[in-house]
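Each of the two chains sits in its own frame; use the hints to bring them together as a complex.
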Amino acid sequence: MFPEDLRYSETHEWVRLEGGLGVIGITYYAQEQLGDVVHVELPPLDTSLKKGDIFGTIESVKASSDLYAPVSGTVVEVNGDLSEEPERVNQDPYGKGWMIVVEMEYPEELDHLLTASAYEKLVSG
Amino acid sequence: MEAPELPLKQTPLFSYHQAHGRIITFADWQMPVWYGGIVQEHLSVRNYAGLFDVSHMGRFRLHGPRARKTLDYLTPSDVSSLPPGHAQYTMLLNPSGGVVDDLIIYCLAEDDFFLVVNAANAEKDWNWISGWTGTDCILELYTDRLALLALQGPASEQVMEKTFLTSLQGLPSFQHTGVHYGGETLLIARTGYTGEDGFEIFVPAHRALEIWERLLEKDKNLKPAGLGARDTLRLEACFPLYGHELDEETSPLEVGYSWVVKFQKQDFIGRTALLKKKSNGLPKSLQAMVMLENAVPRQGFRIYKENFPLGVITSGTFSPTLHQPIALFFSPPEKVHPGDTLTVDIRGKMRQGQVVKKPFYRRRSEKGVS
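These protein sequence lines are chains A and B, in that order.
Taking this note's numbering, the leading residue of the first sequence gets 2, the next gets one more, and so forth.
Taking this note's numbering, the leading residue of the second sequence gets 102, the next gets one more, and so forth.
One or more of the hints may lead you astray.
Listed next, with one range per pair, are the computed distances between beta-carbon atoms [stated by the list, open to error]:
1) 67(A) x 439(B): 31 to 41 Å
2) 125(A) x 446(B): 33 to 43 Å
3) 113(A) x 108(B): 48 to 58 Å
4) 81(A) x 423(B): 53 to 63 Å
5) 446(B) x 46(A): 21 to 31 Å
6) 245(B) x 123(A): 31 to 41 Å
7) 319(B) x 121(A): 48 to 58 Å
8) 123(A) x 268(B): 50 to 60 Å
9) 234(B) x 85(A): 53 to 63 Å
No wet-lab data here; the hints were simulated from the structure.
The beta-carbon is built from N, C-alpha and C at its ideal position, and this holds for glycine as well.
Here chain B stands alone, though its shape is the one from the complex (with noise of 0.2 Å):
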């Protein structure tokens, strides 16, 4: 007998994405990839502001006396001098330096801590975090209870302000809040992957939907956005996609993200192999390009540079704000710099590309930026 396909899961928020988006299937979930279209969602969300379902992502709750040193045990970043009330971007590492997941940790508490991990990583990060628990470090799973609401682009405060009738204009970036709602205290955090300013809302589950519809009748100008938009916004703000730009043999260092990693912390997992990699020199790093022609390259495409293989794309879109194709590639150190021309196999044809520096794109007021 076959192993029986488990069906697939669906967010507090579905009802509304079957009626107005088109669902596909992304890491076991029937998300909305978009509702009115990719493009007019993306620019949404540069030009005022625009709303995301992430309820697919894995929620958990670590706590205890020994919550906040397993953390710190887990991740290459200071997490030992977290305060309550910010949030942490962070990676899981394995012994080698290579990425189990990149995530935020939000902290609740001097020993109560959020995760927010990848949707398609979850079961393995809950299993990779629950060898680390015991009765003093207490992993709690919280993906079903709560809805996790994305408000992103320039206008996101005055949204929010119009739903939840409280300014959150002195909430800097990377810290989070309680808000009060409805009897509830929502967490909202000022947090987000697009490249705007922008916050995540925390909702018990079976508020989500009236939260949601509110949030979009309050203010018209708000647009629902789907994971199509998500990734074409964090594409152009060059911000890693775990199972692209991450995976168990990439670390931190290779994609640009060597500010993560706190060298002068004692000990955590892959400190010894960061240290030699860094000593040895890296064997590849994350480079952007655009391509100078109009086509599109994706995920595993060559790219040459004078005949010279350098390896492949992996990720590649089209750019609402650039107007043309854009894309990350890893290439061998030393090989690539900004302005040189290189060629992506296309689906058998060979198009001209050129490295950029890196970000495609960068919003022009820095607002509340820790």
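Chain A with its partners taken away, still in its complex shape (with noise of 0.2 Å):
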């Protein structure tokens, strides 16, 4: 549920470092309480973030949710399938279910995130 190689924010976001860049999503808890999810709007590449700032939205059938980005960086990738298949980001929020990725401006804000069983901690309290 809650993957060891990854961080987590305390807004149910996740971070992958991938060469680098860090791909960035929704974790399992986040996608189980929003249901069915409809609608993902994302930034267009490029745009710079702040961590905390907000990165997007998110839209189940029965709400609706700010993305706040876990670090600080610039988007260089966004995921595209996600405008005709939203619904990966409940089969599968981190792997199919990225969301974007960034090139991180303070690698150090990682160690800043929670770890696999700080987020469970916090997700189970």
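Here you go:
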């Protein structure tokens, strides 16, 4: 449910370090709370984000939620498949449901995010 | 000392919901919002059949020599000629013609009626009706005695037959019958809130879980469905929901339900006010819209027609059948027409929508329609 190699924000986003870039999405817990995702709005390429900035919106049948950047950086890739298949976020939140890739401005920000076990404690508490 | 918080209520099926679904609080009840997911449950109902636990809804029995006359006075519809075995959708009105609640009345006998009301209004309705009771018109609470299951979808009839071993083919829409099952007689009505064919089953509380599980076991294509799908289904069918399209300040005329009102009835609460509304013109009328962009409008979001503020959304969701967001709203009369482009302020961004004719969805074969 909460892969060990990821880092997590308190607002339920995750980051995976891949060749110096940060892949970002929302956690299993977040998609479970939202229910069926029907729309994901993501930023344009080259958007400059600071940690904590809203980078998009996610809508389910029942709710809408903002997406918060867990790390600072520039958006270098956006998952275009989500516009046709937003349900990927529910089906595979850490894989095919990835949302954006950023070139991180401060890689040390990763150390300030939660580990898998700390995040698990947060959501089961 | 603060008033103690009462514990949330649970239906007789709570253990099943807790094991298989996601629980939310609705009108002081712990209810399943979904099991597998709203979209799949919604499509199950549209394509085959789904099973809902609606035991949170208030159930009352009103009986006695004055019961029929009392209901006829409390509602704008014709209850006086409602025959035993028939059911009727109607509303309790206040003196201004506004809606206290919408409900279904089931006529059990000449002087015996069952009422099913919205969970959120159960206490209010009880107090309201109690004002007219007496030794010749007795109100009894049945909410905790009976569970209420709603089996909805085009395959409902065959699903019911697999469990109850009786054909309900001959039961017309909005009529009910008694079905023998395991030593008891269950009241089964051909009523529902999804826009599909379906049945509502009144089950003694202690038999509820057994019958729920049996229905699911006897037909593996029958899926449990939660309140989330119940809302998307009713919204596609443009059925009003109390607290959204209906409230004490809104009359049946404004939501397009003037067919509920029998003006030739001599006396009922709200008659004078409704006649006045009819002659003066209605202050608002209920409209439907689809979004042209993929953003979901929610209750309270503001709508504009070329910068002119029209009002707010009363209900909005994503329609699994239409694959686009849909919504209902009240507009000043004559201000909008099907085809008009509108903008909706969705969380700070102006999004495009289009007015359409109601309903968003109509079932293909109108089987058993009265």
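Original post:
What are the numbers of the hints that this structure violates, sorted from low to high?
Top reply: Result: hints 3, 4 and 7 break, sorted rising.
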